[in-house]
Amino acid sequence: MNGNGTNAEPEIRIGVFVCDCGLNIAGVVDTVAVAEYAKTLPDVVVVQGNKYTCADPGQNEIKRAIKEHNLNRVVVASCTPKIHEHTFRTCVAEAGLNPYLMEMANIREHCSWVHQQEKQPATRKAMDLVRSSVNRARLLQPQVEPTFPVTQAALVIGGGVAGIQAALDFADTGHQVYLVEKEPSIGGIMAAIDKTYPTMDCSI
Amino acid sequence: MMDVGRHPRIKLLTNSEVENVTGFVGNFQVSVRKKTRYIDEDACTACSECEVVCPVVVPDEYQEGFSSRKAIYIPFPQAVPSSYVLDMDNCLGTNPIACGKCADACDKDCIDYDMEDEHFDLEVGTITLATGMQPYDPTEMDEYGYTRFENVITSMEFERLICAGGPVEGHFVRPTDRKTPKSVAFIQCVGSRSVNRGVPYCSNICCMNTVKDTLLLQDHYPDLQSKVFYMDIRSFGKGFEDLYRRSKEVGVQYIRGLPGNIEEDPVTQNLYLTAENTLTGKVTTHEVDMVVLAVGLVPRQDSELIRQMLTLSPTSDGFVMEAHPKLKPVDAPTRGVYFAGCVEAPKDIKDSVTQASAAVARANILLNAGEVKIEAITSVIHEEECNYCGRCVRVCPFHAITPANKKAGLYPKVVEAACSGCGTCAAECTTDCISMRHFEDAQYYAQVDAILAEDPMEKIVAFACNWCSYAGGDNAGTSRLQYPHNVRLVRTMCSGRVDEDFIMHAFRKGAPLVLVSGCHFSDCHYIDAVTWTQQRIEKTWDKLEKMGIRPERLQLEWISAAEGQKFARVMRELEELRRRVTKEEVDNTMRILSNGFKTATKKAATKRVAAVIS
Amino acid sequence: MSESAYFKCLRCAHEYVGEYTPKAVEEKTCPKCGSNSVRRLKSPPAEKAAG
Numbered sequence: 001m002n003g004n005g006t007n008a009e010p011e012i013r014i015g016v017f018v019c020d021c022g023l024n025i026a027g028v029v030d031t032v033a034v035a036e037y038a039k040t041l042p043d044v045v046v047v048q049g050n051k052y053t054c055a056d057p058g059q060n061e062i063k064r065a066i067k068e069h070n071l072n073r074v075v076v077a078s079c080t081p082k083i084h085e086h087t088f089r090t091c092v093a094e095a096g097l098n099p100y101l102m103e104m105a106n107i108r109e110h111c112s113w114v115h116q117q118e119k120q121p122a123t124r125k126a127m128d129l130v131r132s133s134v135n136r137a138r139l140l141q142p143q144v145e146p147t148f149p150v151t152q153a154a155l156v157i158g159g160g161v162a163g164i165q166a167a168l169d170f171a172d173t174g175h176q177v178y179l180v181e182k183e184p185s186i187g188g189i190m191a192a193i194d195k196t197y198p199t200m201d202c203s204i
Numbered sequence: 001m002m003d004v005g006r007h008p009r010i011k012l013l014t015n016s017e018v019e020n021v022t023g024f025v026g027n028f029q030v031s032v033r034k035k036t037r038y039i040d041e042d043a044c045t046a047c048s049e050c051e052v053v054c055p056v057v058v059p060d061e062y063q064e065g066f067s068s069r070k071a072i073y074i075p076f077p078q079a080v081p082s083s084y085v086l087d088m089d090n091c092l093g094t095n096p097i098a099c100g101k102c103a104d105a106c107d108k109d110c111i112d113y114d115m116e117d118e119h120f121d122l123e124v125g126t127i128t129l130a131t132g133m134q135p136y137d138p139t140e141m142d143e144y145g146y147t148r149f150e151n152v153i154t155s156m157e158f159e160r161l162i163c164a165g166g167p168v169e170g171h172f173v174r175p176t177d178r179k180t181p182k183s184v185a186f187i188q189c190v191g192s193r194s195v196n197r198g199v200p201y202c203s204n205i206c207c208m209n210t211v212k213d214t215l216l217l218q219d220h221y222p223d224l225q226s227k228v229f230y231m232d233i234r235s236f237g238k239g240f241e242d243l244y245r246r247s248k249e250v251g252v253q254y255i256r257g258l259p260g261n262i263e264e265d266p267v268t269q270n271l272y273l274t275a276e277n278t279l280t281g282k283v284t285t286h287e288v289d290m291v292v293l294a295v296g297l298v299p300r301q302d303s304e305l306i307r308q309m310l311t312l313s314p315t316s317d318g319f320v321m322e323a324h325p326k327l328k329p330v331d332a333p334t335r336g337v338y339f340a341g342c343v344e345a346p347k348d349i350k351d352s353v354t355q356a357s358a359a360v361a362r363a364n365i366l367l368n369a370g371e372v373k374i375e376a377i378t379s380v381i382h383e384e385e386c387n388y389c390g391r392c393v394r395v396c397p398f399h400a401i402t403p404a405n406k407k408a409g410l411y412p413k414v415v416e417a418a419c420s421g422c423g424t425c426a427a428e429c430t431t432d433c434i435s436m437r438h439f440e441d442a443q444y445y446a447q448v449d450a451i452l453a454e455d456p457m458e459k460i461v462a463f464a465c466n467w468c469s470y471a472g473g474d475n476a477g478t479s480r481l482q483y484p485h486n487v488r489l490v491r492t493m494c495s496g497r498v499d500e501d502f503i504m505h506a507f508r509k510g511a512p513l514v515l516v517s518g519c520h521f522s523d524c525h526y527i528d529a530v531t532w533t534q535q536r537i538e539k540t541w542d543k544l545e546k547m548g549i550r551p552e553r554l555q556l557e558w559i560s561a562a563e564g565q566k567f568a569r570v571m572r573e574l575e576e577l578r579r580r581v582t583k584e585e586v587d588n589t590m591r592i593l594s595n596g597f598k599t600a601t602k603k604a605a606t607k608r609v610a611a612v613i614s
Numbered sequence: 001m002s003e004s005a006y007f008k009c010l011r012c013a014h015e016y017v018g019e020y021t022p023k024a025v026e027e028k029t030c031p032k033c034g035s036n037s038v039r040r041l042k043s044p045p046a047e048k049a050a051g
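In order, the protein sequences belong to chains A, B and C.
Using the numbering used here, the letters of the first sequence map in sequence onto residues 1 to 204.
Using the numbering used here, the letters of the second sequence map in sequence onto residues 1 to 614.
Using the numbering used here, the letters of the third sequence map in sequence onto residues 1 to 51.
Keep in mind that the hints were calculated from the coordinates and are not lab data.
Possibly wrong hints are sitting among the right ones.
Computed list of lysine to any residue pairs in SDA-like fashion (alpha-carbon distance at most 25 angstroms, straight line) [unchecked claim]:
{"hint": "1", "chain 1": "B", "residue 1": "Lys248", "chain 2": "A", "residue 2": "Pro198"}
{"hint": "2", "chain 1": "C", "residue 1": "Lys8", "chain 2": "B", "residue 2": "Pro8"}
{"hint": "3", "chain 1": "A", "residue 1": "Lys182", "chain 2": "B", "residue 2": "Lys373"}
{"hint": "4", "chain 1": "B", "residue 1": "Lys373", "chain 2": "A", "residue 2": "Val150"}
Let's have the full structure, built from the sequences with the hints guiding it.
The following block contains the structure:
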């Protein structure tokens, strides 16, 4: 599918890590039941519960499980990926797994925190979200982030007070700068102003 | 300014315009046209011999037309580069018989009437946009008589009249009789904070500029009476309130209320302003010698082109949109492009300079890293199924796909570094031959399948964009806003990624209700990708209706990252809608979709999906 | 140039006449319930015409 879809992986081995987040999740969602449920999902070979998955002990458990169980996919059921996707990508990468093989299920912001009075439905929803993430994780592919060199020069368009400052700062930090100004002189509107507030000094 | 001219690492291109920008972050190619000055700017010493002999006299723009210049001129004495320029539109002619006096007068032979425009092709890693703004033209506000009464001037014209380097050498006089006025009225918010004419926003600088002007007048002419007509004086910056207080202490009158109109005494050419002081409720007519209109700042009219070249969007005020209004205020949504100064919004000199330094600091992160890494969520075109239709090229908000050419056998090609991964191309592709790395069609189907595997009638499938709607859901969570548990979110980078097939797939698998949710148009992280979402949903509604499926079962909502309240409210509303969907209706939909809805093009993607799953 | 068109809110079923600018793609919001699920109808709603 990504141009390398032909050599299918031998076996998909998913580890699921269900986070209590103290009582933030476990206070509403029956995380033990969610973990038990996760064990029944296809390609899931290990499920662990953590009190705080994002803390070092939690992360170490993920790393240990990756090695111990030869995991090639990781699903973390915890908070929003907006907060910890980077954390867990880094975590699995440190254990030798491609960071794009980690998937999250948001059972806190989108579940325990918003269904506090509905513990059973919230638990069923958490199971759904885990199942959804596991199903997606089965199809995840390792990705390589493309890199490109950066041309060592800056262009500044406009030679008013902002453009002048930008050009000088670029130049003073050692970079080649092109400053393009439409008018025959730089200075912009500032050059036409007499004194400037709050210091009441000359603008030019 | 002089430092710029001297700095060994700054190449200054004046009288120049950017004509084209191609490439991507870290690798921009920029072509610049340097319009000829007809003068060798390196050789010119600004000796003024040419100017002396030039017979042409035209209004001087720099002095706001209060004085004149020649056709060969230096914009202002401190100009950088310190070189003359020949205004060919007003020059009598380059033919020596017509004139040619300046060339004769120039000892250094700097003047060349045949000099041509130059082109520069620049290779740069980053672009900082600092094209500024322009003052509002008060002509349309005829009640202030700017075009009818000579003694009504703008704040920019005031600057030239009070300036020692100005047309009257700082001896502030009024235009009609060239006498120093005894009284001057300032009118605030001319063109600003007005819904009907001018602009609706506050232009930021005019209050303080007027306060400054009143102090300058007081300094030069202690007996002169200044009156300021205002709605609110906004003096929130460091040292500004002090300045405002000083202005009041020296006797400047501040009158809360804007004049309805200005009339002129035909004999004395004094001006009468009638205004209600909204603090006292009294309507009073004031006679003054002169009126200064504190004009607002508006986006430059000529900024449209460069904005398009850099694929930038305007915000509703016409200034450019930032990558994030609070957290990335100097980054453009186009990677590698940064903003400095008033191009982003009206601001004063201090803020412009601050923003310029911030922009450089941001750009330097890129330059100093030496290489740029792109998140591996870019789009991939599977050429074997492409029919050269070019739709992907047209819908890409970042112009990251190079056009196809069927005759030459050239397929559209994704410039990976320019691709931001919104997925609009993949959703719009007519043959489903585009996939997104890490956000494949098959992965979405897998998520939807999992959600609907048990008790589908209880579920609402919601596609939510990463930046706004998904984050709006997070916001609802952080605020502990309670809503019904039936919704299941599927995260997409952009709502533009939501292929019609995803929606149909959800219905086929028994979803009673589907929501597609994205950013408000002004917040879209992929320029205008969200507008494609809306158009696609509109088409899908039509299609559903034709197939006998109630369009109401597909819902659309724009929810920002801050709108947790809205998110929770929408979830409650959707749950109401879901309850009204009957099992019979869903069964019927599943039957319709499993029979009818499968286009030929769909097969390609299905095949790829199968290949991945197996 | 904008012209008037018929819209229907697919959230609250409110039908109304509003401004519509061809080509310009703008956020649509139901004036009654605030929803963005606003569909432009190709023709006026039939039952409305009778009443």
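ask   = What are the numbers of the hints that this structure violates, sorted from low to high?
value = 2 and 3
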